[in-house]
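Protein chains: 2
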Amino acid sequence: MQKISDPTISRLSTYYRTLSRLIEQKIDTVSSEKIAHINNITSAQVRKDLSFFGAFGKRGLGYNTVALKKEIGSILGIDKKWNIGLVGAGNIGRALIDYTEFKKQGFFIKAIFDNDLNKVGKKAGDLEIHHIDDVCYIANKENLEIAVIAVPAHKAQQVVDDLVKCGVRAFLNFAPITIKVPEGIIVKNENMSIELEALSYHLSRDKKKG
Amino acid sequence: MQKISDPTISRLSTYYRTLSRLIEQKIDTVSSEKIAHINNITSAQVRKDLSFFGAFGKRGLGYNTVALKKEIGSILGIDKKWNIGLVGAGNIGRALIDYTEFKKQGFFIKAIFDNDLNKVGKKAGDLEIHHIDDVCYIANKENLEIAVIAVPAHKAQQVVDDLVKCGVRAFLNFAPITIKVPEGIIVKNENMSIELEALSYHLSRDKKKG
Chain A
1 MQKISDPTIS RLSTYYRTLS RLIEQKIDTV SSEKIAHINN ITSAQVRKDL SFFGAFGKRG
61 LGYNTVALKK EIGSILGIDK KWNIGLVGAG NIGRALIDYT EFKKQGFFIK AIFDNDLNKV
121 GKKAGDLEIH HIDDVCYIAN KENLEIAVIA VPAHKAQQVV DDLVKCGVRA FLNFAPITIK
181 VPEGIIVKNE NMSIELEALS YHLSRDKKKG
Chain B
1 MQKISDPTIS RLSTYYRTLS RLIEQKIDTV SSEKIAHINN ITSAQVRKDL SFFGAFGKRG
61 LGYNTVALKK EIGSILGIDK KWNIGLVGAG NIGRALIDYT EFKKQGFFIK AIFDNDLNKV
121 GKKAGDLEIH HIDDVCYIAN KENLEIAVIA VPAHKAQQVV DDLVKCGVRA FLNFAPITIK
181 VPEGIIVKNE NMSIELEALS YHLSRDKKKG
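Listed in order, the protein sequences are those of chains A and B.
Using this note's numbering, the first residue of the first sequence is number 1, and each one after it goes up by one.
Using this note's numbering, the first residue of the second sequence is number 1, and each one after it goes up by one.
Be careful, since some hints might not be right.
[What the hints assert, rightly or not] Heads up, simulated EDC-like pairs for lysine to aspartate or glutamate below, C-alpha to C-alpha not over 20 Å straight-line:
{"#": "1", "chain 1": "B", "residue 1": "Lys48", "chain 2": "A", "residue 2": "Asp6"}
{"#": "2", "chain 1": "B", "residue 1": "Lys119", "chain 2": "A", "residue 2": "Asp98"}
{"#": "3", "chain 1": "B", "residue 1": "Lys69", "chain 2": "B", "residue 2": "Glu33"}
{"#": "4", "chain 1": "A", "residue 1": "Lys48", "chain 2": "B", "residue 2": "Asp6"}
{"#": "5", "chain 1": "A", "residue 1": "Lys180", "chain 2": "B", "residue 2": "Glu24"}
{"#": "6", "chain 1": "B", "residue 1": "Lys81", "chain 2": "B", "residue 2": "Glu101"}
{"#": "7", "chain 1": "B", "residue 1": "Lys207", "chain 2": "A", "residue 2": "Glu183"}
{"#": "8", "chain 1": "A", "residue 1": "Lys188", "chain 2": "B", "residue 2": "Glu101"}
{"#": "9", "chain 1": "B", "residue 1": "Lys104", "chain 2": "B", "residue 2": "Asp79"}
{"#": "10", "chain 1": "B", "residue 1": "Lys207", "chain 2": "A", "residue 2": "Glu71"}
{"#": "11", "chain 1": "B", "residue 1": "Lys165", "chain 2": "A", "residue 2": "Asp206"}
{"#": "12", "chain 1": "A", "residue 1": "Lys207", "chain 2": "B", "residue 2": "Glu183"}
{"#": "13", "chain 1": "A", "residue 1": "Lys165", "chain 2": "B", "residue 2": "Asp206"}
{"#": "14", "chain 1": "B", "residue 1": "Lys188", "chain 2": "A", "residue 2": "Asp206"}
{"#": "15", "chain 1": "B", "residue 1": "Lys103", "chain 2": "B", "residue 2": "Glu142"}
{"#": "16", "chain 1": "B", "residue 1": "Lys3", "chain 2": "B", "residue 2": "Asp79"}
{"#": "17", "chain 1": "A", "residue 1": "Lys69", "chain 2": "A", "residue 2": "Asp6"}
{"#": "18", "chain 1": "B", "residue 1": "Lys3", "chain 2": "A", "residue 2": "Asp206"}
{"#": "19", "chain 1": "B", "residue 1": "Lys180", "chain 2": "A", "residue 2": "Glu24"}
{"#": "20", "chain 1": "B", "residue 1": "Lys155", "chain 2": "B", "residue 2": "Asp116"}
{"#": "21", "chain 1": "A", "residue 1": "Lys207", "chain 2": "B", "residue 2": "Glu142"}
{"#": "22", "chain 1": "B", "residue 1": "Lys165", "chain 2": "B", "residue 2": "Glu142"}
{"#": "23", "chain 1": "A", "residue 1": "Lys81", "chain 2": "B", "residue 2": "Asp206"}
{"#": "24", "chain 1": "B", "residue 1": "Lys155", "chain 2": "A", "residue 2": "Asp98"}
{"#": "25", "chain 1": "A", "residue 1": "Lys110", "chain 2": "A", "residue 2": "Asp79"}
{"#": "26", "chain 1": "B", "residue 1": "Lys48", "chain 2": "B", "residue 2": "Glu71"}
{"#": "27", "chain 1": "B", "residue 1": "Lys141", "chain 2": "B", "residue 2": "Asp162"}
Hints were generated in silico from the structure; no laboratory data involved.
All values derive from a computational prediction rather than experimental measurement.
Construct all of the structure, not just a fragment, from the sequences and the given hints.
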């Protein structure tokens, strides 16, 4: 299978959500035009994105929502469960433990780590907070495949370096710094101000118009 | 100025960050190829995105990083300060108060609201938690322009409805539901599992290859 670009993957995630909502509404088939309209992109783009994976759609009939959702889920790897280690039991970390969307998409936080001795041994949600020094032992025991980094910026690189040594190969980074990793290791950055910038763009534009 | 699509705005946010990093590294000029390479997209896409705003770049010389950053910042409306109201003083809300990236981009949380009487009157960060019933009074007093919705899913729609009545026109929604709003009101959804899905895609792909 050819490599798919990051923006395409992100759009597939969006289509996956659109299909989930359509299925909830008992809608069996959907056109690329409809998927495009819901997400405010061109139908040519939708067709191009879906063409990567062969022709699911029938010309004039559209896509079967359940089959297409299943196929996209399989491409994204969210048809299986992923074990996640969360580093940092601060506010962001605790917010993520309660974040039900993760579980819905197959992402299960199986272990939490912190270096604060006041937190270690206590509970966060249903999980005991482990000391960061035990991260390799627990990562192997719990088969952690993805780590979420929710530590202060100045500690993030060291934490990732340590986890790479334990064999963790994928990271979701909440710290506002660029993490350096060896070839073959993947880092995605969660930046919560990107969407706010889209809002400020629209508000600015309205002001200029008004 | 013509309307810019959401994916373009999101890429502009990305370019803005790239330029900030280049400026920190004392780099004065940058080509569209370099911006494209850093962000793993095509240089044709970068040139197309930047062409919306006229020709900043000089053929063969590239873009002046400081000028281009300033221009994109102005387009995105992040060259000014925005006052934000945060609804929900739970874990996500508290995480956002500490989130320094917001302030860096000009987004200032000026008021926090909750309906839990155990929280109202107490502090979250430097701010006093107000009762949600006071939301209109405070929204006007503090000139809140954007509201961040960090309440449980079943309460989110009502909170937004109330805030629309107070005159708030832009919302960043963390609740995992689709919010309905009247024409002219903007909602952006922050979905923290999108980036995890990109990771699971890459991990699945590696497994299939290996």
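Violations among the numbered hints, reported as their numbers in ascending order
No numbers; nothing is violated.
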